[in-house]
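Could you build all of it, start to finish, from the sequences and the hints given here?
2 protein chains.
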Amino acid sequence: MAKKEGNTALKIIPLGGLHEIGKNTCVFEYEDEMILLDAGLAFPTDGMHGVNIVLPDMSYVRENRHKIKGMVVTHGHEDHIGGIAFHLKQFEIPVIHGPRLAMAMLEGKLEEAGVRDRTELKTVLPRDIVRIGKHFLVEYIRNTHSMADSFTVAIHTPIGVVIHTGDFKFDHTPVDGESFDLQRLAEHGEKGVLCLMSDSTNSEVPGFTPSERSVYPNLDRVFSQADGRLFVTTFASSVHRINIILQLAKKHRRTVSIVGRSMLNLIAHARNLGYIKCEDDLFQPLNSIRNLPDKDVLILTTGSQGEPMSALTRISNKQHPHIKIREGDTVVFSANPIPGNTIAVVNTIDRLMMQGAKVVYGRHQGIHVSGHGCQEDQKLMLALTRPKFFLPIHGEHRMLIKHSETAQKIGVPAENMVIINNGNIVELTTNSIKVAGKVESGIELVDTSGSGMVSDRVLQERQRMAEEGLVTIAAAIDWNGKLLAKPEIHVRGVVTTIERSLIQKRIKQRIEEILGMRWPEFFQQFD
Amino acid sequence: MAKKEGNTALKIIPLGGLHEIGKNTCVFEYEDEMILLDAGLAFPTDGMHGVNIVLPDMSYVRENRHKIKGMVVTHGHEDHIGGIAFHLKQFEIPVIHGPRLAMAMLEGKLEEAGVRDRTELKTVLPRDIVRIGKHFLVEYIRNTHSMADSFTVAIHTPIGVVIHTGDFKFDHTPVDGESFDLQRLAEHGEKGVLCLMSDSTNSEVPGFTPSERSVYPNLDRVFSQADGRLFVTTFASSVHRINIILQLAKKHRRTVSIVGRSMLNLIAHARNLGYIKCEDDLFQPLNSIRNLPDKDVLILTTGSQGEPMSALTRISNKQHPHIKIREGDTVVFSANPIPGNTIAVVNTIDRLMMQGAKVVYGRHQGIHVSGHGCQEDQKLMLALTRPKFFLPIHGEHRMLIKHSETAQKIGVPAENMVIINNGNIVELTTNSIKVAGKVESGIELVDTSGSGMVSDRVLQERQRMAEEGLVTIAAAIDWNGKLLAKPEIHVRGVVTTIERSLIQKRIKQRIEEILGMRWPEFFQQFD
Ligand SMILES: [Zn+2]
Ligand SMILES: [Zn+2]
Ligand SMILES: [Zn+2]
Ligand SMILES: [Zn+2]
Chain A
1 MAKKEGNTAL KIIPLGGLHE IGKNTCVFEY EDEMILLDAG LAFPTDGMHG
51 VNIVLPDMSY VRENRHKIKG MVVTHGHEDH IGGIAFHLKQ FEIPVIHGPR
101 LAMAMLEGKL EEAGVRDRTE LKTVLPRDIV RIGKHFLVEY IRNTHSMADS
151 FTVAIHTPIG VVIHTGDFKF DHTPVDGESF DLQRLAEHGE KGVLCLMSDS
201 TNSEVPGFTP SERSVYPNLD RVFSQADGRL FVTTFASSVH RINIILQLAK
251 KHRRTVSIVG RSMLNLIAHA RNLGYIKCED DLFQPLNSIR NLPDKDVLIL
301 TTGSQGEPMS ALTRISNKQH PHIKIREGDT VVFSANPIPG NTIAVVNTID
351 RLMMQGAKVV YGRHQGIHVS GHGCQEDQKL MLALTRPKFF LPIHGEHRML
401 IKHSETAQKI GVPAENMVII NNGNIVELTT NSIKVAGKVE SGIELVDTSG
451 SGMVSDRVLQ ERQRMAEEGL VTIAAAIDWN GKLLAKPEIH VRGVVTTIER
501 SLIQKRIKQR IEEILGMRWP EFFQQFD
Chain B
1 MAKKEGNTAL KIIPLGGLHE IGKNTCVFEY EDEMILLDAG LAFPTDGMHG
51 VNIVLPDMSY VRENRHKIKG MVVTHGHEDH IGGIAFHLKQ FEIPVIHGPR
101 LAMAMLEGKL EEAGVRDRTE LKTVLPRDIV RIGKHFLVEY IRNTHSMADS
151 FTVAIHTPIG VVIHTGDFKF DHTPVDGESF DLQRLAEHGE KGVLCLMSDS
201 TNSEVPGFTP SERSVYPNLD RVFSQADGRL FVTTFASSVH RINIILQLAK
251 KHRRTVSIVG RSMLNLIAHA RNLGYIKCED DLFQPLNSIR NLPDKDVLIL
301 TTGSQGEPMS ALTRISNKQH PHIKIREGDT VVFSANPIPG NTIAVVNTID
351 RLMMQGAKVV YGRHQGIHVS GHGCQEDQKL MLALTRPKFF LPIHGEHRML
401 IKHSETAQKI GVPAENMVII NNGNIVELTT NSIKVAGKVE SGIELVDTSG
451 SGMVSDRVLQ ERQRMAEEGL VTIAAAIDWN GKLLAKPEIH VRGVVTTIER
501 SLIQKRIKQR IEEILGMRWP EFFQQFD
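Here the protein sequences come in this chain order: A and B.
Last residue of the first sequence: 527 (the working numbering), numbering continuous.
Last residue of the second sequence: 527 (the working numbering), numbering continuous.
Fair warning: there could be bad hints in the mix.
A pair counts as met if it fits within one copy or between any two copies, since identical chains are not told apart.
Lysine-lysine pairs mimicking DSSO-like chemistry, simulated, CA-CA at most 27 angstroms apart [unchecked claim]:
(1) Lys379 with Lys486
(2) Lys67 with Lys482
(3) Lys402 with Lys324
(4) Lys250 with Lys482
(5) Lys318 with Lys438
(6) Lys358 with Lys388
(7) Lys358 with Lys402
(8) Lys358 with Lys434
(9) Lys109 with Lys134
(10) Lys69 with Lys379
(11) Lys486 with Lys508
(12) Lys11 with Lys482
No lab work stands behind these hints, which were simulated from the structure alone.
In structure tokens, the structure reads:
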């Protein structure tokens, strides 16, 4: 689409992913048209009792559903696609464009949720350009990230090109050989980029993020030191890492058993699409691997974050039906704990060690690298695209601030960037960027039971019961204010130094006292 | 006491502080005599709803209270003295020996708890030797740590000398000029140490822990870059850090206001005893500091760990009655988050930034160092004392394992050390160390309300209510199984997609159905 001067501003409205890591969800709106870019989920934090999944408040999109022309997906991580199946229950999306691996995973989710018919899924290849509505052309630019088949997108709009990096780091030696398309980025930089929206995850960390490939020799060393069974855990979605682990399994002649549904699922899709290349006979199910010598076994498992229901956590708790740790086992954590998971992870490590496993973990081992670029990656992105305006995204507040400082060092003027929160309406024109109001925003909490949304009121009630406990009293009273029978008293979660039977007795006494003194007063209220 | 060959084994029974960081509590028992070394508290972890303080199960000590000859305190941190006031309600301790600063703080705690009369407090100076009972002589050896007036102790027993490091690092340039008494340690190493019990906190970290003094130039740089008001937060118990901050306040001509009860308390005691030296006119209360120019103000505050009720957290939440953040303020976090507090800390940082503060934080700044020695400090301790047997303490399981590996590198044979858990009975003789049984151990949870202990059953009830919510139904039924009135239904913390009024209606219907069908069956049960 030819760039022309539009009188209308482009509205960019992120509904999730700002002031947080998670549930990335962004709206682009121009006149009567709206496109969505990614729609992720987040996981509950402390105090969100009984909550399974956190979603952004989608009121604004729901109310403007007639404007939706389509959605753009950058890659298949849960914080980018995990919300889509839920949203499709509320509104239809005419078409969703995305990479093959992300679309394969999304298709499964939509089918499971029974909403496969509420959208059309279209896969894209590198350098594909898709038209959405009258006003948007979206160009897919291959990038490098911990998830395979990941993209940066250039959104051509009537007022100019907006580049949304998606999640990225600059990995010049990618495991799957799919290089970052620096040429297209540079070409946009040369022609002129109106605005860059860029991943801020590691904006507090100096330097470059090492290549995923740097993990290989370190894991190789760890593998060669293992005498008995080898357990390896990493993020179920880290395709490249899993690829390395499988290559090393082959090298060290270990047969692989995969434990954990999400990992099985991803490996199936990634092998299907060629992002992981290995023979079928590398794998065996758990029950047949049991007959192999310990030194020929590798168990690849979920649970790198100490998730309570994951296979590795259950193994560490001696609660896994089929796997017991024994002396001589080696367990490798090829992942760092995400802040908030640290305690769960180190407790898992301790429990595994207590059962006799040798556990390899920690930052000094070189067996994990981030999928997101650090300050130098972020500078390179800014230098390649040379944007007029800058919008740091995908990060908590202080990360956005640090990223904006980095952008200023590269020469973007401070007045050409805004630090925003979810729900902010960013108005972008050919010569200005500003926050112009706010749409409804916040979070929606999906209950563990899957039966509905957890409201603030419910959370407060749950928090209060958790902190203080609850006493319920059922008393039948006649019209003269006398107890008809012994009141039924139930005490749950209440701390006291006196015995429960005594509590019951005291409560009964107190009820009788109150009835004696104040019955006429209560009685009047019923009149 | 002359070392002699005893037939009786020395029992070492840690009741807290192992497989955790916190609530360090250790029993030494020889024949009919028992001494305690430290008695700390810990803070609740996830899922301990409504719990304020975690204490070790003291059943074993309570049952053997007649054997208690006295207690030895190494230093004044909460994880070493915080449990004493609670325990004194259960049993008396004839005498407690400890450093002046720790004893000053302990005295206040005992008075507050009304148990000051249940023990005798005796202060010690470096190289003091105190006799406790017939069998124990305890020698106080000055060490260096984040808390001033801290000690390693050499416990002379009938079977030999046991050295308990307390908490330590080797700081050759201590802020208060009180050097680690390497000479006494070395002398014990020369004469022969039967067993070393050593601090494992940083046993996963290579290298030496930097001197506390290394923080000075970095904080100095941060202070000189602040134009407006300066807020500084650190651990309330880090005497040396507070000392540095006050020195820098004087240098930069800022008047100091202290916010937070625990910090006020510690600074008062430390100034009193000469561990912090500064003039009275350096300080002013909050209400008068308000009249000073911003650049002349330093507010020293608690809240470095994002504790919900602390001053800085309340300031960040805009809930502090007297302090509001404004543009131009600088807030300095001179402390790293303890694992488990990370989320609370970064959220506090984000909220302060959103209100316009410049926040200085993070490992790259050099404005925090640990008070515990790393692997090289631990090696130096082993090299100076040359122990026959080794017992790693003060750490989670994997830290104990790492520390035992370090000890093996220094030449202690693997069979001369044991990895233990709280409640294990370590039997030590002149030529053997072994685990010989277990005493009752576990945790006791003090309720937020202070009214009693939180049992496992109460915690489970609280957890269940927090996850699922609770429905209570009170129904009055006549002898024929008919509802006498509309049942009272209360729904708390329950997630549902239907309206509450509709829930009430449905529950009533269901009660009537059940009464209709099954009343005769219920009725029989009453017969
Ligand atoms: Zn991603
Ligand atoms: Zn992401
Ligand atoms: Zn300490
Ligand atoms: Zn300690």
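Taking the hints in turn, this is what the structure says about them:
1. Taking identical chains as interchangeable, the C-alpha atoms of Lys379 and Lys486 are never at most 27 angstroms apart, the minima being 74 angstroms within one chain and 69 angstroms between chains.
2. Taking the shortest Cα distances, Lys67 and Lys482 never come within 27 angstroms of each other, neither inside one copy (65 angstroms) nor across copies (56 angstroms).
3. Taking identical chains as interchangeable, the C-alpha atoms of Lys402 and Lys324 lie at most 27 angstroms apart only when they sit on different chains, with a minimum of 23 angstroms there against 46 angstroms within one chain.
4. Taking the shortest Cα distances, Lys250 and Lys482 never come within 27 angstroms of each other, neither inside one copy (80 angstroms) nor across copies (72 angstroms).
5. Within a single copy, Lys318 and Lys438 get their C-alpha atoms only as close as 50 angstroms, which misses the 27 angstroms cut-off; across copies the closest is 22 angstroms, which meets it.
6. For the identical chains of this complex, Lys358 and Lys388 are inter-copy neighbours only, at 26 angstroms across copies versus 53 angstroms inside a copy, given an alpha-carbon limit of 27 angstroms.
7. Only between protomers do Lys358 and Lys402 lie at most 27 angstroms apart by alpha-carbon distance; the minimum there is 11 angstroms, versus 39 angstroms within a single protomer.
8. Taking the closest pair of Cα atoms, Lys358 and Lys434 come within 27 angstroms of each other only across two copies (22 angstroms); inside a single copy the shortest separation is 55 angstroms, beyond that limit.
9. Taking CA atoms no more than 27 angstroms apart as the test, Lys109 paired with Lys134 passes in neither setting, with 29 angstroms inside one copy and 73 angstroms between copies.
10. When the C-alpha separation of Lys69 and Lys379 is checked against a cutoff of 27 angstroms, the pair qualifies neither within a copy, at 33 angstroms, nor between copies, at 66 angstroms.
11. For the identical chains of this complex, Lys486 and Lys508 are neighbours both inside a copy (7 angstroms) and across copies (23 angstroms), given an alpha-carbon limit of 27 angstroms.
12. Neither within a single protomer nor between protomers do Lys11 and Lys482 lie at most 27 angstroms apart by alpha-carbon distance, with minima of 68 angstroms and 62 angstroms respectively.
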